[in-house]
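*Asks:* Residues per chain, in single letters:
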Amino acid sequence: PGRRRCRGPGGRMGLEPLFQAWSYFRRRKFRQCSDLCSQLLERPPGEQAAWSLKMRALTEMVYVDEIDMDEEGIAEMMLDENSIAQVARPGTSLKVPGTGQGGGPSPAVRPVTQSGRPITGFVRPSTQSGRPSTMEQAIRTPRTALTARPITSASGRYMRLGTASILTNPDGPFINLSRLNFAKYAQKPKLAKALFEYIFHHENDVKNALDLAALATEHAQFKDWWWKVQIGKCYYRLGLYREAEKQFKSALKQQDMVDTILYLSKVYLRLDQPVTALNLFKQGLDRFPGEVSLICGIARIYEEMNDISLAADYYKDVLKQDNTHVEAIACIGSNHFYSDQPEIALRFYRRLLQMGVYNCQLFNNLGLCCFYAQQYDMTLSSFERALFLAENEEETADVWYNLGHVAVGIGDLNLAYQCFRLTLVNNNDYAEAYNNLAVLAMRKGHIEQARALLQTASSLAPHMYEPHFNFAILSEKVGDLQRSYTAAQKSEEAFPGHVDTQQLLKQLKEHFAML
Amino acid sequence: MSLFKARDWWSTTLGENEEFDQGCLCVADVDNSGSGQDKIIVGSYMGYLRIFNPHPVKPGDEIQPGDLLLEVQLREPILQVEVGKFVSGTEGLHLAVLHCRKLCVYAVSGTLGNVDHGNQYQIKLMYEHNLQRTACNMTYGPFGGVKGRDLICIQSMDGMLMVFEQESYAFGRFLPGFLLPGPLTYSSRTDSFITVSSCQQVESYKYQVLAFATDADERQETEQQKLSSGKRLVVDWVLNIGEQALDICIVSFNQAVSSIFVLGERNFFCLKDNGQIRFMKKLDYNPCCFIPYCSVKEGTINTLIGNHGKMLNVYQDVTLKWAAQLPHIPVSVKVANLQDLKGVIVTLSDNGHLQCSYLGTDPSLFQAPRVESREINYEELDAEMKELQKIIKEATKTQDILPKSEKHRDLIVTAEVSPDLDAESQAIDSEVKAEAVPSVTVKITIQSRVTAQKPTLVVCVQAPLAVTCDQFVFDDLEPDSSETVVLSVFLKGNCSPSELEGDCMVSYDISTGIPKVAQCSFRLPLRLICSPAQPSKAANHKLTIDTNKPPVSFLTIFPDFVDPSEDDQANALGFQFLTGSKTTLLASKTSQRYRIQSDQLEDLWLITKELTLRLEEHFKKQNCKDFACTFTGSIPLQEYFELIDQHFELRLNAEKFQELLSERAVQFRAIERRLLTRFKDKTPAPLQHLDTLLEGTFREVIALADAAEENQANMFQAFTKLKSATHLVIMLISLWQKLSTDQVAILEATFLPLAEETQELGWEETVDASVSYLLRTCLSKSAKEQALSLNSQLSMPKDTSRLKKNITLFCDRLAKGGRLSLSTDSATQQAAVLPGGCATIPESDLEERVVIPGSTFPSPGQTVKQESKP
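Protein sequences appear in the order of chains A and B.
Position 83 of the first sequence, counted from 1, bears residue number 83 in full-length UniProt numbering, the numbering being contiguous throughout.
Position 595 of the second sequence, counted from 1, bears residue number 595 in full-length UniProt numbering, the numbering being contiguous throughout.
No lab work stands behind these hints: they were computed from the structure.
Keep in mind that the hints are not guaranteed to be accurate.
As the list claims (entries may be wrong) - What the simulated footprint calls covered on chain B by chain A, stretch by stretch (three residues with Cβ under 8 angstroms from a Cβ of chain A suffice, anywhere in the stretch; the number is not a length): (1) 170-181; (2) 188-199.
As the list claims (entries may be wrong) - One side of the interface only, derived from the structure: several residues of chain B facing chain A at Cβ under 10 angstroms: (3) Gln-22; (4) Cys-100; (5) Asp-158; (6) Glu-243; (7) Glu-265; (8) Val-318.
Stated by the list, open to error - Each computed SDA-like pair below joins lysine to any residue, with the alpha-carbon atoms no more than 25 angstroms apart: (9) B/Lys-390 with A/Asn-414; (10) A/Lys-29 with B/Lys-297; (11) A/Lys-29 with B/Thr-12; (12) B/Lys-680 with A/Ser-250; (13) B/Lys-272 with B/Lys-297; (14) B/Lys-310 with A/Lys-223; (15) B/Lys-321 with A/Lys-190; (16) A/Lys-190 with B/Asp-158; (17) A/Lys-207 with A/Leu-389; (18) B/Lys-272 with A/Ser-250; (19) A/Lys-223 with B/Thr-12; (20) B/Lys-393 with A/Ile-410; (21) A/Lys-316 with B/Val-318.
The beta-carbon is built from N, C-alpha and C at its ideal position, and this holds for glycine as well.
For reference, chain A alone in the conformation it holds in the complex:
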């Protein structure tokens, strides 16, 4: 017999609405789930189950793992009285990147960020932070369009997430927090946990969330580790790191959990105690052997502490557990690239490409690797794709800058010149491009021009030693020894181990002695 289907897509064959909503939730169709729950809630009596389900659906819509949220603003950096020692011993603090220890790469080989750390292969929220030492310095730190972030308080991202409540509910908030009787809900553990997550993640109201959590943990007679972790999360957001640490530790005593370890390590990093965090991770690994997030955490800390070789080892451990881990592949790849093995780096990046990572940065890196591995046929087409995929002007600038490098490498200085100019068109703060343009100008004998460009470069990026060094050489050539000397000193400050700078300084000193 011919089958007839006269029901439309909406015709649910007598499914219970609550069951349907529950099923939607399980399949992560939160919008439908929330709509269905709203319909259910309109009918009297407003059922607790539907209320709770809608709360969970709204939370899941905007959920971001709290562990990945890490932004440090000026207020946090400057009003931070938590660090143990102002002048920490080398290797025990993240504030002062260790130099020369553990075989960290030299800035001549691997570019560094403003805070003196080598550029990482994978950008995470916390990798860009450089801690300035005073408020004045923080405000005056030359910042480019890319790193303008710390100017406001860290709440930037939280604020943006907070607006999610408006997005998901155009007709006003689903729950009016000010009318809730927290004491009542704290006594209903089945509701309280969902309610807490809703307040914390969806409404972003840390204070109320903390109130609820405090009441609930009391009701649970301080026996529920989950509430302790939540209180710790609230304290962390409020900047009360010591209190957060206590809560996390107490929670860990009750129940070993990977998440709790990660939260606690975050606290230690904020307190600038990377060694404690490392120990914690290692203890965690004893309890949960092979846990990727823990190994990855160790690798990140070593990278931050400038110990690249150890970091690479741990990233390799990560790959042994999970060989699809993009962060680990990217970091190992960039490490190989900067340790002069572009062929191997190429293989890692190609792997990323095969796995379906498809963006401008990857092709940019592929292009560079191809160039240094002398696979010239692929270089330009990779950069072409990178340009095609670039989403904003900063990315375009990066690609043009690297194209400029390639042009320098093949000796086409005109092309190089134009590439660097295009870099500056796309990103006017590109200090490296200014520096390289200056070098090109020097070659053409435009001394004044080169000097102006170098000054621009050094004012944009005082952490780079190249502009200072080039300026020193330029001044020395035209006979301005005094300026050459000061510039060389700056260069030495930025990169103490640079042999050419030291030679130049020695030469200049001899010269002065002769006079």
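With chain A's structure known, arrange chain B on it following the hints.
*Replies:* Structure of chain B alone, referenced to chain A:
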């Protein structure tokens, strides 16, 4: 993110617009064929029950009619299908189908066909139970340790566990603390039910305890008020996992110990029988279904986890062994033995895509989209490149990228200043202390010959003048239409302006979207800022302008200031500025001279300018072409320097204020920090007057800020005066040396930088740099001076002596016949670039004069910058 994809062995799409979820897929030898071959049973929310027995000829084949053993439509939605020994008296497998309010058990049987048409399958209802409550899910097993048969336990949406002993209903119990149903499963080893409750904990209930607890229905009659408070039901063990769970599985393979696997929303747990965590794994994706399927290595268990990124991951305990791409998001995954192929992965998506697949090294080929690129024709490419190079070269040489203005303009803006002041003043918020602040009406007309989109008119006058409205936005203009707006200009700040000019500018897009601008300027009447007054004889500053024509009566050239009835005003005229100061203009009766005098140097400027303008206009009307003004007296540099000093002193003050402010701010923050630590302490320490200190510092900060603001206002006034005086000095120099228009332009560019004055970069250092540059280049005396290098960084000087010296020297050199020019013919010219700026760089021929060894390029910086985590 995976390298490989799951290889399609057999797949089909079920129905249209049907919905499926976790319980809808089951794999078993449901027809008891005894061959060990599994059949795939799928039920849908639309009520269709289908049984498949895939046997593709070769992997990847389409579905064949014979693969579908059975398809029936039941009357109600199917929530879950399970296969077990559900019928008493036989150990054969039967099919249990859970509907919302009904549980049915069917026997599936096949009849061998006689011909090639295949076998015939049918289902027969063995028994059914109508349910009092809406069902959610079910589990089955040998509850209580019975041998050879399976019992069924159904969980309802409101938390009741209903146990059926095959054809009969045994009992129902409410779960304590229930809100929303979680996954439910039965562990035969411990004879208990395991679920994850709304309290985010794994709970285990012994079957025995359930069976002996108070009957739910009875209790409900007695305690109707509390529906779900089965307090007497004691939980065996509880494990708080802190999240909701998607599914629970219990496995015991030969080589591995029996474990409870829980798939949470964010973590994956493996528990021991007593509820302790054996291991857990944090998942960095959203999982959707899982199944622990076997134990390959001793002591470990392999698990398949599907996620919402359409991936199927194979874990050995916590180590990822394989990752494969699926074509859909699975809601349920099973492992089956089909057609002598062991371990086929069966996945079902929520829209009915059923796939049997196996793992293989078939690459999940990611096809990068083609980059839009032209076919490369090298000759054309070369030609185009040459063309572009030429254009670039041209552009860098001429330095003027903008095309020359066409004579035929598309849009014309004209401004007309009304000859009389407004009868009723339009001035608002004026700070001038005069009784009445006059205003003058300006009528601006825009005429368009083409379609102008989004035209915006901006009118600006130099402070302290202000306009009543400075921005107008119009609707799109049609061709040959016009718009007119009227606004008034008045004096707002309490000082005289340095210019009486205003600009208006229209920006618009033409129909092709190219933005364009049109502008015009207008001159405001002198009456706007001053009124006629009695001439005064005595004054501090006097200027004499010579002309080469007989003097003109003020009656003719200043009709708006002279009262015709009074004769004595013919050669003496007084001007009273709104701000209070006075200027007198005298014409010599005998010689061809005019004298301007005032107590303030800066007040001379506007009158002198007005006088020369009006004289020129007057003689132009009379067709007298050789009229010229000259100036012979010495330039009033001393007075000018006084104004510079005044301005500079205020700048020094501003710097002082800034320093003080930052000091106080530091102090404020320090106190704040101390207070914060006090407040954060659990045991509050006394404040020790820190709050008083905080308030005091706060007041100081505010007072300082007020003072700084006042200083800023003063500085603005001083700067306006300085600008007036500068204009005057420029004019006097040009009259004195009879400079050409080009030279006057250079002079103006030197002394009146366009840049806004700020604390970091002020007038003094800018002018100093420009003057010394001119002294070094076109006014230089010897080659030695040219060699002096540019001061690399402009910074605020300590005092103004160097500037004064340079200006004096500048005037001297001009007097001695120096010529101002910026032409590049002089050999001394170098491409000078102001620090911080980036001028266009002329492309010169490749000449390698200086080879600089050791100049380094920074290493190729940019690496993978952003990769969102998968």
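*Asks:* What hint numbers does the structure not satisfy?
*Replies:* 10, 14, 15, 17 and 19
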